[in-house]
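Novice: With the hints as extra help, turn the sequences into a complete structure.
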Amino acid sequence: MSQATLEDDEIPSYPGAFAPERMRRVNAYGLDIAVYEWGDVSAPPVMMAHGGFDFARTLEVFAPLIAAGGWRVISWDQRGHGDSEHAALYSWDADVRDALAVFDSVTYDPVPVMGHSKGGSLMLVLAEACPHRVSRLVNIDGLPAGARSPDIADRERIRLMADTLTNWLDHRRDAAGATRKPGTIDELAERRGRMNPRLSKEWLRHLVTVGARRDFDGWRWKIDPALRFGGFGPWRPEWTLDRLMAVRVPMIGMLGMIPEDMGWGTKPDDLRPYMPAGSELFVFEDSGHFIHIEKPDEVSKIVLDFLGTP
Amino acid sequence: MTEYLVHNKVRLALHLLESGGETQPLLILHALGLRAPAGIEAPLDAWRGPVYALDFTGHGESTIPKGGGYTAEVLMGDADAALGAIGPATVLGYGLGAYVALLLCGARPRDVMGAILCDGPGLTGGGPAPGSPFLPAVNPNAVVPPDPWALAELARDIRPEDYATNFLRQATQFSELEHPVTVCAGSRPPWLEAVACEPGVKCGSLSEALDEYGQA
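Chains as they are written, first to last, in our numbering: chain A, 1 to 310; chain B, 311 to 526.
Don't read these hints as lab results, they were simulated from the structure.
Incorrect hints may appear among the rest.
Incomplete in silico selection of chain A near chain B, CB under 10 Å [to be verified]:
#1 A28
#2 L31
#3 R79
#4 L89
#5 Y90
#6 S91
#7 V96
#8 D98
#9 V125
#10 L165
#11 T166
#12 A176
#13 G177
#14 F229
#15 G233
#16 P234
Pairs of lysine to aspartate or glutamate residues, derived as EDC-like cross-links and limited to a Cα-Cα distance of at most 20 Å, are as follows [stated by the list, open to error]:
#17 K376/B with E85/A
#18 K319/B with D83/A
#19 K118/A with D83/A
#20 K376/B with D104/A
#21 K319/B with D174/A
#22 K319/B with D104/A
#23 K319/B with E21/A
#24 K376/B with D32/A
#25 K319/B with D170/A
Covered stretches of chain B (chain A as the covering partner; in silico rule of three or more C-beta atoms under 8 Å from a C-beta of chain A) [what the hints assert, rightly or not]:
#26 318-327
#27 432-444
#28 463-475
Every residue, glycine too, gets a C-beta built ideally from N, C-alpha and C.
Specialist: The structure is reproduced here in structure tokens:
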């Protein structure tokens, strides 16, 4: 254990971070989904979907800024993430369905919807599948690049895919007994820092205290150990881009231009031809993928301007 | 005899339909909405090794999980759990099971000693590209298999031609067999038509395929 390690009872606070004002559970077709709210319960609702391997409480700075603008911000932990139930099965469609169960718990009227990264793409699907439930759309670095991967020889590509598949199947064979590795707050923050290299140590420590649980042998991230990065599947970026063109509600998109592993590497010029008429794209040259965490004041101002008077 | 395997949070039923020890096992993967057969009939009765049949997640005696989330890829994980239990095997898939057999053959090319793709429900899936998205509604009170989420989700599972042929090419690149895949299905949805046209794929009858792989 390093000298700089925080003791368990030294729970760090983070300036500007506010815990959700309300927490509740929603039953999504038998699966227990954790829901969080910031802002006055009687204020007009705005929904926010987090990205993959994140959780709703990563919004503890951004969501209160939107709530301060007069909105009731509702977010939820996607299945297997945060305090939501670990599922036997995970899929894009199931995530969209779970989201709609949360929407149903708030209102059946159309609502403004925000999403970051994977959450942004999920909300695009929801906006096309259920256009009557979405009044405005905010996508924060969750729009894919249309360009294909750089050319690599066919045999090499096959080998890379074979390695990915073998690793995935080996992981599945061991998933039943898998647990997350325990550690101190600092150790978990350091691990997450590999995914979020641009975010401050103080923020990452804060995330541990709201996204991990304290067991007898240390802290553990709550996310289902069966989930893992990367993967494979038949999904194509152009399918999402086609969805984008189908959007018929006011929409803004944001792109963080500093490349990082969790980002999607989307270039504005690749995206602009697909943006729906009347939409606007905000490009942050000096931000990575987590724009709403790196620049919460700037992003919340853009969002509040876009949402208009509550 | 039925053995229960664990794949993540799901208990899978793997049925031994026939014992025998002269060649590698035959693993049967059922079609969408069905379950492992209770026994074997001709021409499977000519197989000289043990014959197993798996119930996929949400089917037969396997667990029905909460809230759906089915993909063909996770069923490949089911089939791989069976392969882990019985060792290298020839895999015979019907309908949805045929697609899963192809995926498994590409992902475990040294352990699948031939994949045989036959007709059955769920062979087409959702086609090569997504249609209009919709959120299916199912009967939340259904308590007997098959899981209605499995029926709803695996009937619209997207199967692009080049995605399927990538698995096939992995099989041909890494398998020791000259023809790691045999197509017996008469129906040819786009993914299967693309696979059937690739080198390393044989088209023929089930009897011929069993005979070839049984000699391997």
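Novice: Given the proposed pairing of K319/B with D174/A, does the C-alpha separation stay at or below 20 Å?
Specialist: 11 Å, holds
Novice: Counting residues of the region 432-444 of chain B whose CB is closer than 8 Å to a CB in chain A, do you get three or more?
Specialist: Held - the region 432-444 of chain B has 5 residues with a Cβ nearer than 8 Å to chain A, which meets the minimum of three.
Novice: How about R79/A: closest beta carbon in chain B under 10 Å, or not?
Specialist: 7 Å, holds
Novice: So, as I understand it, the hint says A28/A touches chain B; can you test that by seeing if any CB pair is closer than 10 Å?
Specialist: 6 Å, holds
Novice: Holds or violated: is there a CB of chain B closer than 10 Å to the CB of T166/A?
Specialist: 7 Å, holds
Novice: The hint names P234/A as touching chain B; please verify it with the least Cβ-Cβ distance against 10 Å.
Specialist: It holds, given that the least Cβ distance between P234/A and chain B is near 4 Å, below 10 Å.
Novice: The hint names Y90/A as touching chain B; please verify it with the least Cβ-Cβ distance against 10 Å.
Specialist: Because about 5 Å separates Y90/A from the closest Cβ in chain B, which is inside the 10 Å limit, the hint holds.
Novice: In terms of beta carbon proximity below 8 Å, does the region 463-475 of chain B have 3 or more residues touching chain A?
Specialist: holds (count 5)
Novice: Have a go at the G177/A hint: is there a Cβ in chain B nearer than 10 Å to its own Cβ?
Specialist: For G177/A, the interface hint holds, since the closest Cβ of chain B sits about 9 Å away, which is under 10 Å.
Novice: Tell me if the interface restraint on L165/A is satisfied: Cβ within less than 10 Å of some Cβ in chain B.
Specialist: 4 Å, holds
Novice: Would you mind confirming whether the straight-line C-alpha gap from K118/A to D83/A stays at or under 20 Å?
Specialist: Status holds; Cα separation ~18 Å.
Novice: Is the listed coverage of the region 318-327 of chain B by chain A valid when you require three or more residues with a beta carbon under 8 Å from a beta carbon of that chain?
Specialist: With 3 residues in contact (Cβ-Cβ under 8 Å with chain A), the coverage given for the region 318-327 of chain B holds.
Comparing the model with each numbered hint stated earlier shows that hints 14, 22 and 23 do not hold.
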